[in-house]
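Enquirer: Listed here are the chains, written in short residue letters.
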Amino acid sequence: MPPPADIAAQARAPAATPIPTRATAGGHAGDRVFALTLVALGGAVLLVVGVVVLELYRVAQPALAKGGLRFLIDRDWDPVAGSFGALPFVYGTVVTSAVAIVLAVPISVGMALFLSEMGPPKLRPVVSFLIETLAAIPSVVYGLWGLFVVVPLLRDHVQPALAKTLGFLPLFRGPTIGLGYLAAGVLLAIMILPTVASVTTEVLKTVPPSLREGALALGATRWEAIRMAILPYARPGILGAALLGLGRALGETMAVTMVIGNAPEISASLFAPGYSLPAVIANEFAEATGALHLGALAGLGLVLFGLALVLNSTARLLVRLVARGPRAVA
Amino acid sequence: MKALVLRRAVNVAVTVACGAMVVFAVAPLGSLLWLVVSKGVAGLSLSFFTALPTPVGEPGGGVGNAILGTAMLVGLACLVGLPLGIGAGVFLAERGDGPFGRAVRFTAEVFSGVPSIVIGIVAYGIVVVAMRRFSMIAGALALALLMVPTLARSTEELVRLVPGTLREASLALGVPAWKTSLRVVLRTAAGGILTAVLLAIARAAGETAPLLFTSLNNQYWNVRPDQPTASLTVQIFNYAISPYEDWHQKAWSAALVLLLLVGSLNLLARLALRRSAAGGRA
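Taken in order, these protein sequences are the chains called A and B.
So the first sequence is numbered by the working numbering: it starts at 1 and just counts up by one.
So the second sequence is numbered by the working numbering: it starts at 1 and just counts up by one.
Just chain A, same shape as in the assembly (with noise of 0.2 Å):
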């Protein structure tokens, strides 16, 4: 996965770096090669998304010829029985998401606000670079984590909790094994919480000051500022860190296999077990049953992709669009 400095570093301008003319690159053969050098170079990133495409669709394609993209909504998976229903993994893989957004942006926010705006400035390099090291670590590792920390956690006092005081919403029933759509959105919300804070702290640094400075100058506190001003402003932009987040939450794998229980079924529970796309995956791949199951696998892969790519390029132009500057905020 990118690191969040990456993706956020494309929020600033980047520096003007002079390029040589047509005259000047034009003179020497050398200068044809090495510009015919690089531009096969760059293309050979088309080539290899090109690549990643095609093969994905050929994998898929004893299944998609049986029926499209009608088996995503179809309940029944039994790869034994031939019927390659998705939709318990589609869902599994939208409420655990949505756990994770409803956790992580609230948090990322006020972490971000804290910082850039409220917070002594000297603790900012501080919580960035524990913020990197959480973006760092492997997530076989946050799994490892999450099976013997937060699954135990969740079981005996976070779950027992909630039913006590909200079970009267059916999110919150059943028997509480910890195991399960809750579990999976916590550890998510923790693994995407450096993308969308990183993110936002960059959104939050293309907020022209004189926002600020006016705001603060006609007697509104710090949090009024922040409210009437800078949130306005930089609301695209925190709503890209929260599609980045959600496009991270989407594709995250091992951390979400071993802690959602692996169950293919539909419950309205958050403390029940489910499954998710990427987790079908990565249990059934390597020991499907014929080029029917594969097919279907790698059919939920291509959506996964396809999920993705868009996740991504909204969020990016939505990110793009606080950084181009001034403008009327609406």
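No lab work stands behind these hints: they were computed from the structure.
All values reported here derive from a predicted model rather than from experimental measurement.
Misleading hints may appear alongside valid ones.
Taking beta-carbon pairs under 10 Å as the criterion, some of the chain A residues facing chain B (in silico) [claimed, not checked]:
1. ASP31
2. VAL53
3. VAL59
4. SER108
5. LEU144
6. LEU193
7. THR206
8. ARG222
9. TYR233
10. ARG235
11. MET258
12. ASN283
13. GLY301
14. ASN312
Now the in silico label distances, taken between C-beta atoms and shown as ranges [as the list claims (entries may be wrong)]:
15. A:LEU216 x B:THR165: 35 to 43 Å
16. B:THR165 x A:ALA286: 53 to 61 Å
17. A:PRO175 x B:SER242: 17 to 25 Å
Listed below are several chain A residues computed to face chain B (Cβ distance under 8 Å; list not exhaustive) [stated by the list, open to error]:
18. VAL45
19. THR133
20. PRO138
21. VAL140
22. GLY251
Just so you know, even glycine gets a beta-carbon here, dropped at the ideal spot from N, CA and C.
Given the coordinates of chain A, assemble chain B onto it according to the supplied hints.
Expert: Below, chain B without anything else, positioned relative to chain A:
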């Protein structure tokens, strides 16, 4: 108009709440690092780094073959991934301001968000299907494909940090543009590129999902690229989801080894960046 006291109280309350968010965000990191270190240290010994895994219940044993497997997978991935990724990054920094460059940049950015398990399927389709068995080379291909887009973007960022005046001085002295790029700009950016490479290696070493059905796993030593291979991450996964207490212990120890590996690569990357940044400024 609300009373000033009330408005100030709200301001303080929000500040405290946002400060609490910082604590919320950092607490899991503390818990995770503490547990991996405290639980992992118990199982560490010299033989843990050198021995083969033992069956459940049998004392001793280690993850030596998995450490070698991870090293070889990442090494093979670097053979393909580094030239492509760095090359594309240099292209973006040096010639990437036209419409073609913008298209490549946008593609690389968006592609870096693609879930790694999807790339595993691609490597499966290209290598495993053709060879009719799981192999190290398939896992390495998946890791290489994952490296390219992020490496290209970070290389670009770091090459662009080179002051434009260096290039201008070189061009003004009559050095051809290509020589200026290679001998002045890229040499100055070498520390930055090293940082990007180290981070890419650290990320590749921590990948699990794309290896599950490409390099699979192996209980024995393997150095042949056409055979299934153990890796540290897949081994941690298998140990963690097993029902056995002593395998859980091994999962923690292996996680500690992985964290030390990834952590030291990140540390080296920071040092390289600091050195290059200092050089650029001087």
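Enquirer: Mind checking the CB of A:LEU144 against every CB in chain B and telling me if the closest is under 10 Å?
Expert: holds (5 Å)
Enquirer: Taking the least C-beta to C-beta distance, is A:GLY251 closer than 8 Å to chain B?
Expert: holds (3 Å)
Enquirer: Per the CB criterion, is A:ASN312 less than 10 Å away from chain B?
Expert: With Cβ-Cβ at 4 Å, under 10 Å, it holds.
Enquirer: Would the stated hint for A:VAL140 survive a check requiring a Cβ distance to chain B of less than 8 Å?
Expert: holds (4 Å)
Enquirer: Verify the interface restraint on A:VAL53: the C-beta must sit less than 10 Å from at least one C-beta of chain B.
Expert: holds (9 Å)
Enquirer: Would you settle whether the hint for A:ASP31 is holds or violated, based on the nearest Cβ-Cβ distance to chain B being less than 10 Å?
Expert: Constraint on A:ASP31 satisfied, holds at 5 Å.
Enquirer: Classify the hint on A:ARG222 as holds or violated, based on whether any CB of chain B lies nearer than 10 Å to its CB.
Expert: holds (6 Å)
Enquirer: Is the shortest C-beta separation between A:TYR233 and chain B less than 10 Å?
Expert: violated (18 Å)
Enquirer: The hint names A:THR206 as touching chain B; please verify it with the least Cβ-Cβ distance against 10 Å.
Expert: violated (17 Å)
Enquirer: May I ask you to test the interface hint for A:VAL59 with respect to chain B, counting a Cβ-Cβ separation under 10 Å as satisfied?
Expert: holds (4 Å)
Enquirer: Go ahead and decide if the range 17 to 25 Å is satisfied by the Cβ distance of A:PRO175 to B:SER242.
Expert: With a Cβ separation near 24 Å, A:PRO175 and B:SER242 satisfy 17 to 25 Å, so the hint holds.
Enquirer: Can we keep the A:ASN283 interface hint, with Cβ of chain B closer than 10 Å?
Expert: This hint holds: A:ASN283 lies near chain B, its Cβ roughly 9 Å from the closest one there, short of 10 Å.
Comparing the model with each earlier hint shows violations of hints 7, 9 and 10; every other hint is respected.
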